[in-house]
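Trainee: Listed below, chain by chain, are the residues.
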Amino acid sequence: MARAVSTQHKTIATAAAWIVALLVFFPILYTVITSFKSEQEAIQGFNLLPSGTMESYSQVEAQNGYFKFFLNSVFLAVGSTILALLVAIPAAWSMAFSPGKWTKDILMWMLSTKMMPAVAVLFPIYLIFRDTGLLDSRIGLMIMLMLINLPIVVWMLYTYFREIPGEILEAARMDGASLWKEIVYVLTPMAVPGIASTMLLNIILAWNEAFWTIRLTTTEAAPLTAFISSFSSPQGLFWAKLSAASTLAIAPILIMGWFSQKQLVRGLTFGAVK
Amino acid sequence: MKLCTLTLGLLSASILAFAAHAESITIATVNNGDMVRMQKLTDDFTAKNPDIQLQWVTLEENVLRERVTTDIATKGGQYDVMTIGTYEVPIWAKQSWLLPLDKLGDDYDVKDIIPAIAGGLSVDGTLYAAPFYGESSFVMYRKDLMEKAGLTMPDAPTWDFIKQAADKMTDRANGVNGVCLRGKAGWGENMAFLTAMSNSFGARWFDENWKPQFDQPEWKNTLQFYVDLMKANGPEGASSNGFNENLALFQQGKCGMWIDATVAASFVSDPKNSTVADKVGYALAPDNGLGKRGNWLWAWSLAIPAGTQKADSAQKFVSWATSKAYAELVASKEGWANVPPGTRSSLYANPEYQKAAPFAKMTLDSINAADPTHPTVKPVPYVGVQFVAIPEFQGLGTTVGQLFSAALAGQTSVDDALKQAQDAATATMTEGGYIQ
Numbered sequence: 001m002a003r004a005v006s007t008q009h010k011t012i013a014t015a016a017a018w019i020v021a022l023l024v025f026f027p028i029l030y031t032v033i034t035s036f037k038s039e040q041e042a043i044q045g046f047n048l049l050p051s052g053t054m055e056s057y058s059q060v061e062a063q064n065g066y067f068k069f070f071l072n073s074v075f076l077a078v079g080s081t082i083l084a085l086l087v088a089i090p091a092a093w094s095m096a097f098s099p100g101k102w103t104k105d106i107l108m109w110m111l112s113t114k115m116m117p118a119v120a121v122l123f124p125i126y127l128i129f130r131d132t133g134l135l136d137s138r139i140g141l142m143i144m145l146m147l148i149n150l151p152i153v154v155w156m157l158y159t160y161f162r163e164i165p166g167e168i169l170e171a172a173r174m175d176g177a178s179l180w181k182e183i184v185y186v187l188t189p190m191a192v193p194g195i196a197s198t199m200l201l202n203i204i205l206a207w208n209e210a211f212w213t214i215r216l217t218t219t220e221a222a223p224l225t226a227f228i229s230s231f232s233s234p235q236g237l238f239w240a241k242l243s244a245a246s247t248l249a250i251a252p253i254l255i256m257g258w259f260s261q262k263q264l265v266r267g268l269t270f271g272a273v274k
Numbered sequence: 001m002k003l004c005t006l007t008l009g010l011l012s013a014s015i016l017a018f019a020a021h022a023e024s025i026t027i028a029t030v031n032n033g034d035m036v037r038m039q040k041l042t043d044d045f046t047a048k049n050p051d052i053q054l055q056w057v058t059l060e061e062n063v064l065r066e067r068v069t070t071d072i073a074t075k076g077g078q079y080d081v082m083t084i085g086t087y088e089v090p091i092w093a094k095q096s097w098l099l100p101l102d103k104l105g106d107d108y109d110v111k112d113i114i115p116a117i118a119g120g121l122s123v124d125g126t127l128y129a130a131p132f133y134g135e136s137s138f139v140m141y142r143k144d145l146m147e148k149a150g151l152t153m154p155d156a157p158t159w160d161f162i163k164q165a166a167d168k169m170t171d172r173a174n175g176v177n178g179v180c181l182r183g184k185a186g187w188g189e190n191m192a193f194l195t196a197m198s199n200s201f202g203a204r205w206f207d208e209n210w211k212p213q214f215d216q217p218e219w220k221n222t223l224q225f226y227v228d229l230m231k232a233n234g235p236e237g238a239s240s241n242g243f244n245e246n247l248a249l250f251q252q253g254k255c256g257m258w259i260d261a262t263v264a265a266s267f268v269s270d271p272k273n274s275t276v277a278d279k280v281g282y283a284l285a286p287d288n289g290l291g292k293r294g295n296w297l298w299a300w301s302l303a304i305p306a307g308t309q310k311a312d313s314a315q316k317f318v319s320w321a322t323s324k325a326y327a328e329l330v331a332s333k334e335g336w337a338n339v340p341p342g343t344r345s346s347l348y349a350n351p352e353y354q355k356a357a358p359f360a361k362m363t364l365d366s367i368n369a370a371d372p373t374h375p376t377v378k379p380v381p382y383v384g385v386q387f388v389a390i391p392e393f394q395g396l397g398t399t400v401g402q403l404f405s406a407a408l409a410g411q412t413s414v415d416d417a418l419k420q421a422q423d424a425a426t427a428t429m430t431e432g433g434y435i436q
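Going down the list, the sequences are from chains A and B.
Residue numbers for the first sequence follow full-length UniProt numbering, so the first one is 1 and each next one is one higher.
Residue numbers for the second sequence follow full-length UniProt numbering, so the first one is 1 and each next one is one higher.
These are computed hints drawn from the structure, not numbers from a lab.
Among the hints, a few may not be true.
What the hints assert, rightly or not - Here are the simulated lysine to aspartate or glutamate pairs, EDC-like style, with alpha carbons at most 20 Å apart:
#, chain 1, residue 1, chain 2, residue 2
1, B, Lys361, B, Asp415
2, B, Lys272, A, Glu55
3, B, Lys75, A, Asp136
4, B, Lys220, B, Asp415
5, B, Lys40, A, Glu61
6, B, Lys310, A, Asp131
7, B, Lys143, B, Asp124
Remember, predicted model here, so these are calculated numbers, not experimental data.
In isolation and in its complexed conformation, chain A is listed as follows (with noise of 0.2 Å):
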């Protein structure tokens, strides 16, 4: 009987699971079922049959070109990631093994800058930017980002480093490991799931910051947020190659999510449970 109970019991759990997945990808799913209508099906209401004519595919593809910004994407993506690692470890690494009097008041004070809406300093960052020749730049906009996205790193790496037990540091220290063999040999290795995560999520954030990658950008250092905003039109009709171009966006982020969902997972629920 018990066993009933809980076999219906995950049967709706299941069930209540696929629901609120359904939902929350939805939106992306109809953005793609979208992309394969015509303007005049797309504003014509609900619809999830499309005609599944490529029309708006090729119309975006010979109107901006996709490749540009793309590569754009690519590189704005993976060089704040690793320009954040660079910085985070360390600074998440002193954080967690030997902590001073302000460290949480620091961790917060970080987090804050979080809360601040972006817009609040375009013209500071604007004029920096232009005075530094950054505007329009790749490196400019990949620092950005890695500024950015610095507090949420150095946070998750933080609380992954505080559940590696310091003895083992210790042990190392005692065997005669230098601070940097310390970080290298003992506490990277320990801490790769955490850094996986930590990598894929800031990635994910960096490809879709979608305020500064289209306010300090012009021609050369576009991603493809800015190849999104281009379709929106005043004056005619546009859902259909909006949707065309989110799609063709969002796709590549989608598959590496998809690969990579395991470590994400892990790494977002690492020491969840103790």
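Using the hints, position chain B against chain A.
Mentor: Only chain B this time, still in chain A's reference frame:
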């Protein structure tokens, strides 16, 4: 072998020298049919100007507005040519953010630009932006439904006639709404329509002392008429409909009348996308017998920011893109019906264009009927027909638009919406120093 190497070397050097010499200009623009077409036709420009390369940045309208404002205010120099509207030109020109267009070439023929449009893009007689396409608004109606209703649309209808026709044409059982009008909130959406409409009711945003006028009977008459008309004859969910939504409804045969931008005429009469292409008639925007019609004036225009280092090349491009020769180029490649409308008088005098665009005369008459310097019946301290050319208007216009959209949706009463609009406008104008 040596000769071959030498030749190759010289060739490379000359290519490099050419590349170094070629100047690249960046053009910021919005995504609409005419602009996309221009991007396809730029080979003509680069063939005539081999030393200038063109780079395009296409952005969503509001993002574009924000991006170019940031760049121009900080003199960032990211753009050499920017697409802006009649709202921005007078404000930016007064702040010396735009270069005067005084080197458009001898054969440019500035006087050919339609006077109402040129006036909206000039400050103290100097042209600061060249119109790429211009528009007013007018009535598009279904000739078959009008006939069925036993009515004849006059060339210059009144609002009472529009109401009478809408009442008769509405057949909700068959999915026909008598009239489709903008309801989506935004200074460039419902407020463009409602401000233009209010002019024909004798309303104004501000009196000569910048005091908001939403507490006056003219505004009450405007908004009450609009809400009643739409409740009785408008489509479901009209408070979410902007230009594109109404365009789709009209093309699908779901609207008896649609009062909107003249540029829509080329969409609704296009048999590829419109099911009612051969049944559309056109009339001037309605009036109330007060001497002003409810039509607006807008032009997407090309301007050159003061921060550019490439002013001469930029002027060459602006001159090419807004010239008579460009109209002929479009006509030769894609037909006269696809020539950007509403900028040059010569286009409307062209018999081939008149033949290809049955709405040509009505478009020109509508544009000529708008006067940005005297938009409404009573005197006003501002310029602009469907907007008020002050920096505060974007925010205020959208706030008021949200209130009026809520009144249309039935979330608030007309009186409440007007009272809140009056309060919001008073606060904004006091804060801005207009009211002491």
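Trainee: For each hint given before, does the structure comply? Return the numbers of the non-compliant ones in rising order.
Mentor: 1, 7
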